[in-house]
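With the hints as constraints, model all of the structure from the sequences given.
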Amino acid sequence: METRANYVLIGLFAVLGFLGMLGFFLAFGKLQFDRQFATYQVRFESVSGLSQAADVRFAGLLVGQVTDIRLSEEGDGSVVVRFEVERETPVRADSVATVDSSGITGVSFVSVSPGSTDAPLINDRTDVPELESGRSTIQSLTEGAPRILDETLIVLEQVSRLLGDENQSRVVNILDNVEQSSGEVSRALDNFAAFTDTIAEATETFAVFSDNLAPILLQAEQTVEALQFAIDEFALVATESRITFETGTEALTSIDRFVDEDMTEMVAALRTSADALQAEVEDVSGEMRATLAEFNRTGVAVNERLIALDPAIARIEPLLAQAETTFETVERMSANIDTLVAGDGTALVAEAREMVQMARGATENIANVAENDLPVIMEDVRLAAADIREVVNTVGADLSEVSGQVEALSSGGLRTLDQVTETFANANTTLEAINRALDTSEGALQAAERAFVGADRVINEDIGEITEDLRDVLTRLGAAVDSVSEDIPEVTADLRRTADSAARAFDDLSRMVRDSSGPVQEFTASGLPNITQLARETRGLITNLDRLTRQIERDPTRFLLNRQTPEFRR
Numbered sequence: 001m002e003t004r005a006n007y008v009l010i011g012l013f014a015v016l017g018f019l020g021m022l023g024f025f026l027a028f029g030k031l032q033f034d035r036q037f038a039t040y041q042v043r044f045e046s047v048s049g050l051s052q053a054a055d056v057r058f059a060g061l062l063v064g065q066v067t068d069i070r071l072s073e074e075g076d077g078s079v080v081v082r083f084e085v086e087r088e089t090p091v092r093a094d095s096v097a098t099v100d101s102s103g104i105t106g107v108s109f110v111s112v113s114p115g116s117t118d119a120p121l122i123n124d125r126t127d128v129p130e131l132e133s134g135r136s137t138i139q140s141l142t143e144g145a146p147r148i149l150d151e152t153l154i155v156l157e158q159v160s161r162l163l164g165d166e167n168q169s170r171v172v173n174i175l176d177n178v179e180q181s182s183g184e185v186s187r188a189l190d191n192f193a194a195f196t197d198t199i200a201e202a203t204e205t206f207a208v209f210s211d212n213l214a215p216i217l218l219q220a221e222q223t224v225e226a227l228q229f230a231i232d233e234f235a236l237v238a239t240e241s242r243i244t245f246e247t248g249t250e251a252l253t254s255i256d257r258f259v260d261e262d263m264t265e266m267v268a269a270l271r272t273s274a275d276a277l278q279a280e281v282e283d284v285s286g287e288m289r290a291t292l293a294e295f296n297r298t299g300v301a302v303n304e305r306l307i308a309l310d311p312a313i314a315r316i317e318p319l320l321a322q323a324e325t326t327f328e329t330v331e332r333m334s335a336n337i338d339t340l341v342a343g344d345g346t347a348l349v350a351e352a353r354e355m356v357q358m359a360r361g362a363t364e365n366i367a368n369v370a371e372n373d374l375p376v377i378m379e380d381v382r383l384a385a386a387d388i389r390e391v392v393n394t395v396g397a398d399l400s401e402v403s404g405q406v407e408a409l410s411s412g413g414l415r416t417l418d419q420v421t422e423t424f425a426n427a428n429t430t431l432e433a434i435n436r437a438l439d440t441s442e443g444a445l446q447a448a449e450r451a452f453v454g455a456d457r458v459i460n461e462d463i464g465e466i467t468e469d470l471r472d473v474l475t476r477l478g479a480a481v482d483s484v485s486e487d488i489p490e491v492t493a494d495l496r497r498t499a500d501s502a503a504r505a506f507d508d509l510s511r512m513v514r515d516s517s518g519p520v521q522e523f524t525a526s527g528l529p530n531i532t533q534l535a536r537e538t539r540g541l542i543t544n545l546d547r548l549t550r551q552i553e554r555d556p557t558r559f560l561l562n563r564q565t566p567e568f569r570r
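Counting in this note's numbering, the sequence shown runs from 1 upward without gaps.
Since the hints were made in silico from the structure, they are not lab data. Note that beta-carbon positions come from the ideal geometry of N, C-alpha and C, so glycine has one too.
Cβ-Cβ distance ranges computed for the label pairs, FRET-style:
1) P114 x L22: 34 to 40 angstroms
2) T549 x S116: 30 to 36 angstroms
3) D546 x L9: 48 to 54 angstroms
4) G60 x V8: 51 to 57 angstroms
Below, the structure is given as structure tokens:
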């Protein structure tokens, strides 16, 4: 009996110990019998590292485990993975399942994405939904790593060729050419600066010339105005002289008409009367002597009038000489004016020439009057005096023979002498007017001569200084232009050499860029994105390893016992 009791106690303690150990392990494994699960399956091309009881994470949270891993029955080489997650997990129709690795240990797990919010939920379906499979970062990295490595090697080879000795020598040549071009450009800029300085100096010289030219032109304009005034006065005097000459010509014409018409008739009448008076001459000899004396006085008066004409003729001759001198002065002045520089001085010279031409025309008119009309007038006066002398002599001879009718002859002769005296008085008046006109002409000619002398002084003295200043300015301007002209070929050659060097440098650079554009474009199109993706996936791998390390620290029994979740639902 005691033996049986001992066995019962031992069995009881063994059962209790087994139940206690079972409860301990259940508590240790944190089993929950009241949880509801939903089953899903996914087809993967590769599940490297994934095993049963692996975690299933939804948006990074642990929601279930893998329950089954097997090959597809369709024989397409795919792997069907079935897993269970909590039914409350919001798995949607467009959720994607991928195989990821966590932590630094690389433990694989199934990751389910949340999907879009407008997609329907599939966690309440009675069948087993099949989710769309995706490629994880590690899978993309491992599958694309060979291609990335190949492309990286190609890029490295291209970079090596790009940075090879030949391209390095080209770059060195380009840098040398650029340095040489920069030096040539600097020299060209220095030459251009010197050129601009020369232009500035020439501009300043031209400004000084313009400042000096303004008073010169003003003085020349004043001189031309004085010349114009003198020429106007001379023209006025010439007009008055012409009027006076016309008046004298009319008077002398009247005398000539009187001599030709009246004097001829009077002489005929005297001859007729001489026959009748011959008998009476002897009786009136005494009276005749008085009459002859009167005739002598008349001849003396006529001689005095002729002598009075000599000063006028003497005055006319100096006037002609003075006019000739004035004409020569005008010619010299026109010759001096012709030496004036071109430009604004050309118009001044043209105006001066016109004025000189007008003065020359007026002088020629005076000379023509003095040479043509005045000799004719004087010749007419001399002829008239000769006719009068002849008439007087004839009358004296006739009167010496005629003795009768002296009274009638005396009265007729007195009337004739009165007419002759009146005619000579008119001639004297005309000659006095001519003298006054000649005096006025002489004053005008003197004024014109003074004006021409002043203009000649201005032209000979001031214009000489102006011409010297102009020559000096033009000499400096010519020197500046010559300097600029000498610098322009050098500057042009420097610019041309600089442009050639720059063109060669740019050609080398463009050829190098053109040779390197293909590899660089390929590297930037494929290599850089792959390297960036590799860095991103490496960063994710490190994050997963860190997460796996933390999970091992929190729950080491899962990785030690590799427990399976029972396949039943409560």
